[in-house]
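Number of protein chains: 2
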Amino acid sequence: MHRIKLTVAYDGTNYCGWQVQPNGVSVQSILQKAIENLLGEKTDVTGASRTDSGVHALGQVVVFDTDKNIPDWKYALAINQRLPKDIVVQKSEEVPLDFHPRYTDVEKTYEYRILNRRTQLPKERLYSYFVPKKLNVAKMREAGDYLVGEHDFKSFCSQKTKVLSTVRTIYSLELIEEGDIVTLRVSGNGFLYNMVRIIAGVLIKVGLEQKEPEEVKEAVEYPIGSAAGPTAPAHGLTLVEIKYP
Amino acid sequence: MHRIKLTVAYDGTNYCGWQVQPNGVSVQSILQKAIENLLGEKTDVTGASRTDSGVHALGQVVVFDTDKNIPDWKYALAINQRLPKDIVVQKSEEVPLDFHPRYTDVEKTYEYRILNRRTQLPKERLYSYFVPKKLNVAKMREAGDYLVGEHDFKSFCSQKTKVLSTVRTIYSLELIEEGDIVTLRVSGNGFLYNMVRIIAGVLIKVGLEQKEPEEVKEAVEYPIGSAAGPTAPAHGLTLVEIKYP
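Line by line, the protein sequences give chains A and B.
Position 10 of the first sequence, counting from 1, maps to 27 under the numbering used here, and the rest follow consecutively.
Position 59 of the second sequence, counting from 1, maps to 76 under the numbering used here, and the rest follow consecutively.
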């Protein structure tokens, strides 16, 4: 038996997210079909991150098991030949059979792209959130700094979240300006459901000067459990990388 | 009578190009319908550049005439309400009645984006040309320098081109590297049919070391009239800006 790890990029626009859903086509189901078609046998395909509908990925991590003796690097090419153009395997490699993409200490990096200019740009519409009013990025940075470190992020997740602990560690949080694009880049040891999109939504409120950076500080110091701000739309978000030890 | 100039951005993916064609939907026809719907009257919509099928625009220039007395800046908002999301008017302003977008000395700027990495990125697939083999950008720059200035670009246009003169002036030609993206940015007083895509195709051949920079020099110095190289695909190209005096 071999366990194969894939690093997968996708444009989430036309999918209902990573996971199989009753309605819509999931990235997982498309990948599973392509892998089963290649192997000629049924297999389970497990993803590290259950990205939401419309969320993109550069480095989703996916594993499956097989008894076939195909050199590991060949899977990327062979699977890509069976995939639509909006899903592309970047790399395939064999990993130990006890490697699990979800239950391992990792560093995950997400990017949230904001198009900050007076008029929308058509080529950006599916890959960034359009904010026409000028953002105060310095204030966003000030607020973002309060989120770095180990905190209870109860106020930064969907209130439907059912997890034992809402404590997570953010290793770094940057706001990068390139022309009209403001990119929030955040790395951490794991993110709660909707956490990055809520962080983006809260920081955008700060950037629009509808919220003070100190309110973000309070929201992590005294997690009362109601959302600290709106959830920014899915299409601005990309799962960039998952680093395993 | 008022002449209104629009600056228009579009994602060319779903269109047969700027101009009305027997098959497919053109950007011009969509804009014309939106403007006629707003004005409640027939009008002609003239574009500065007949972009091909799949080519994008940030700054296409478009004019139409009307007797309506609407403040010029309001047209952008009102027309955008009637457009699909892949076409967005960036600006509207009144111009003199003798302003013609096509028959004026202008500076046009195009960008051709190349994704140069071993695997395709899904989010880039519609907006850049994927070249998996590493490009020698220094050689591309050397070749590109020979194209700057006034030259007979007979070997850099579609051989179906019927124009009086194939002499054009390129004001600047840059190759910009940002991560995995190599952008060819070229400005000139006008471009022949397919000229930017042929320049891109030729420079990519040079970058792949399948052609020497000196061959590009010869092709502009001794224009024999057969294409100097392949035409790079349309979806990498964006009409960035048209500057009027």
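These aren't lab readings, by the way, just hints derived from the structure by calculation.
Keep in mind it's a predicted model, so treat the numbers as computed, not measured.
Keep in mind that a hint or two might mislead.
Identical chains blur together in the list; that is why a pair holds if it fits in one copy or across any two.
Quick list of in silico lysine-lysine cross-link-like pairs, DSSO-like style, CA-CA up to 30 Å [what the hints assert, rightly or not]:
no. : residue 1 : residue 2
1   : Lys-151   : Lys-260
2   : Lys-22    : Lys-150
3   : Lys-222   : Lys-91
4   : Lys-59    : Lys-228
Outcome of the hint check:
1. Lys-151 <-> Lys-260: The answer is between: 26 Å across copies meets 30 Å, while 34 Å in one copy does not.
2. Lys-22 <-> Lys-150: between (42 Å within a copy, 25 Å between copies)
3. Lys-222 <-> Lys-91: between (46 Å within a copy, 28 Å between copies)
4. Lys-59 <-> Lys-228: Classified as neither; 51 Å inside a copy, 48 Å across copies.
Checked against the numbered hints above, the structure violates only hint 4.
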